[in-house]
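S.K.: As a plain string of letters, each chain reads:
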Amino acid sequence: MTNNNKVYFYPMWLRIWHGINALGIIVLIITGLSMQSGIDSGFIMSFDKAVDAHNISGIIVTLNYFLFLIGNLVTSNGKFYLVKPRAFIKRPIKQAKYYSWGMFHGESAPYPLSEKRKFNPLQKYFYILVMYLAVPGAIITGFALLFPELIIEKVYSLSGIFVTAVFHSIIGFVISIFLIIHLYVATIGKSPLENFKSIISGWHHIHHGKK
Amino acid sequence: MMRNRLILIVFVCCFGWLGARAQSYENAQEHQCLKCHSNQTYTFHNDLMERQESRLMNPYFVLDTIALKAGVHHVFDCIDCHSYEYTTYPHSANIKLEPLATCLDCHGGDESFAKYQFERIDEEYQKSVHYQTYGDAFTCSKCHSQHTYTATARTSSNVQEIVEYSNNMCLSCHNSMQEYKLVSGKDNPELVEVHNWLPNQKLHFENVRCIECHTQVEDSLMVSHNILPKEQALRKCVECHSSNSRLIASLYKYENLQSRKGNGILGTMVSNDSYVIGTHQVPLLKTLSYIIFIGLIVVIIIHTIFRILNRKPDDK
Ligand code: HEM
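Taken in order, these protein sequences are the chains called A and B.
Read in the working numbering, the first sequence has 207 at position 207, and its numbers run on one by one without any break.
Read in the working numbering, the second sequence has 64 at position 64, and its numbers run on one by one without any break.
In short, the hints are calculated from the structure, not lab data.
Be aware that one or more of the hints could be misleading.
What the hints assert, rightly or not - A few chain B positions that, by computed beta-carbon distances, are all more than 10 Å from chain A:
#, residue
1, Asn46
2, Glu53
3, Tyr84
4, Thr88
5, Gln126
6, Gln146
7, Thr148
8, Thr155
9, Gly185
10, Ile211
11, Glu218
Said to hold, decoys possible - As a list, the in silico SDA-like pairs of lysine to any residue whose alpha-carbon atoms are at most 20 Å apart:
#, chain 1, residue 1, chain 2, residue 2
12, B, Lys286, A, Val174
13, B, Lys286, A, Ile177
14, A, Lys49, B, Arg235
15, B, Lys286, A, Ile170
16, A, Lys49, B, Leu198
17, A, Lys49, B, Val192
18, A, Lys190, B, Ile308
19, A, Lys197, A, Val185
20, A, Lys97, B, Leu296
21, B, Lys236, A, Val51
22, B, Lys202, A, Ala144
23, B, Lys202, A, Asn55
24, B, Lys286, A, Phe167
25, B, Lys286, A, Phe178
26, B, Lys202, A, Phe147
27, B, Lys236, A, Phe43
28, B, Lys127, B, His214
29, A, Lys49, B, Asn200
30, A, Lys79, A, Met12
31, B, Lys286, A, Leu33
32, A, Lys97, B, Phe306
33, A, Lys94, B, His303
34, A, Lys116, A, Gly189
35, B, Lys202, A, Thr164
36, B, Lys230, B, Thr133
37, A, Lys49, B, Lys236
38, B, Lys286, A, Ser176
39, B, Lys286, A, Val163
40, B, Lys96, B, Pro59
Using N, Cα and C, we set each Cβ at its ideal position, and we do this for glycine too.
Please put together the full structure from these sequences, using the hints given.
M.R.: Set out below in structure tokens:
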């Protein structure tokens with residue numbers, strides 16, 4: 001294999017961010033589930049340990065998130081997260097059709113990856129929603145719960161903390177669902193492990209005709 | 001005889017008038033006791049030296065005049081409870097030994113206060129750790145200042161206010177080195193450390209009363225007074241963080257708080273009583289999350305099966 005069909009997709013800072021983020025969010029999901037199950041159940045681990053681990057990894061993921069934000073501001077990686085207004089809806093649908101139909105019928109990927117295009121449109125939308133909506137949302141609600149005195153006391157007749165807590169767990173759920181999809185879709189490639197190797201090594205193979 | 005009676009009448013009238021003036025806690029600076037007992041300094045005439053003197057007041061003898069006016073016993077004047085001899089200063093030494101009436105002395109067996117169940121409270125209280133350890137030296141007044149007490153839990157409709165009032169009764173001693181040592185002769189354990197297993201401690205102490213965890217809740221008694229040894233304190237979070245919560249059995253049984261319960265569909269779905277952590281406590285969201293999760297797994301399995309069936313020979 002030569003470097004000709006290899007692209008350096010994931011620079012070092014991005015891989016570091018991604019590694020910390022992945023581990024951090026997995027810890028958050030596991031501890032979050034543990035707390036969700038109630039205080040006495042000791043599901044997975046004891047409640048107070050879960051709270052500590054959740055708080056610590058929450059803070060790490062937050063700091064790490066700034067690495068992602070700043071990295072995408074100052075390097076060219078940010079451009080992959082810009083949405084083209086043209087065929088705003090059509091493009092991701094085309095990609096979804098490919099995943100559910102085309103790829104089983106010998107069609108080639110509608111948006112083959114290249115140096116200019118790191119994500120297919122569907123993937124891009126997902127990443128944008130998660131990284132610029134869900135994760136910041138989880139961070140904000142999470143810190144609000146860490147400092148409950150910051151929260152508005154009453155939202156109509158509901159306790160502000162309650163509303164915040166519910167939002168926080170909805171977002172946590174959304175991120176968990178994203179993670180499952182993310183992991184599964186990453187196995188779609190030349191071989192199931194190929195994309196995982198890329199996010200560790202940084203180099204991605206470009207296959208002409210098929211993703 | 002006649003003369004004596006006349007003197008007595010004049011005397012009573014004079015003091016009746018003085019008393020009437022003194023009765024009012026409204027103007028503390030004019031009040032015969034509060035002119036000294038509501039200030040950090042007091043002035044008196046030193047008969048020996050023949051001059052006015054100002055001195056510092058013992059801070060523990062300074063009364064909060066606002067709380068005094070709001071207290072249940074505001075109809076009394078100081079000398080209804082304390083010896084009349086306090087009207088002179090320096091107070092004579094022997095009155096320091098005067099016995100003071102206890103809650104039960106005045107309220108025990110009185111029909112008009114039956115709803116407070118003073119006798120039952122006394123009975124429960126005698127089982128509590130405080131009474132068991134210190135006996136009669138630990139009076140009701142250690143928690144209930146006769147000067148300022150108000151039955152807040154009964155009259156207020158603001159949970160936070162009730163909680164704060166009630167908890168201050170405990171904290172005034174458990175968080176005060178002096179008060180605690182006065183009773184026990186030893187140092188007070190740091191409450192923050194004792195309760196460090198409790199997450200969001202500050203929030204809890206603002207929203208639940210100490211007695212919620214530290215007493216045996218009695219259905220027939222408004223405020224349970226049997227403070228149990230620490231080994232029997234409530235640690236189980238679900239007792240409160242569940243829909244059939246202990247708080248309903250204790251704090252929320254006051255009528256003034258009953259209205260909180262019936263506030264519509266949203267209110268009952270996520271009402272304060274059923275406060276629990278996270279979405280799983282909103283049944284709708286719980287079901288929804290299971291459906292989405294299972295749906296996703298099914299889609300992934302089907303997709304994987306198709307991928308395996310479609311595998312090209314060159315794929316591996
Ligand atoms: C064990 C957990 C994870 C693994 C194994 C994993 C794997 C991967 C792989 C293989 C890629 C590159 C291929 C692709 O772009 O699809 C990738 C990229 C990415 N992942 Fe993950 N991921 C994990 C967790 C996460 C989490 C929790 C998030 C966010 C909440 C996330 C966000 C992203 C983003 C935004 C990219 C694109 C980065 C860029 O190139 O700018 N990942 N991940």
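S.K.: Which earlier hints can't be squared with this structure?
M.R.: none
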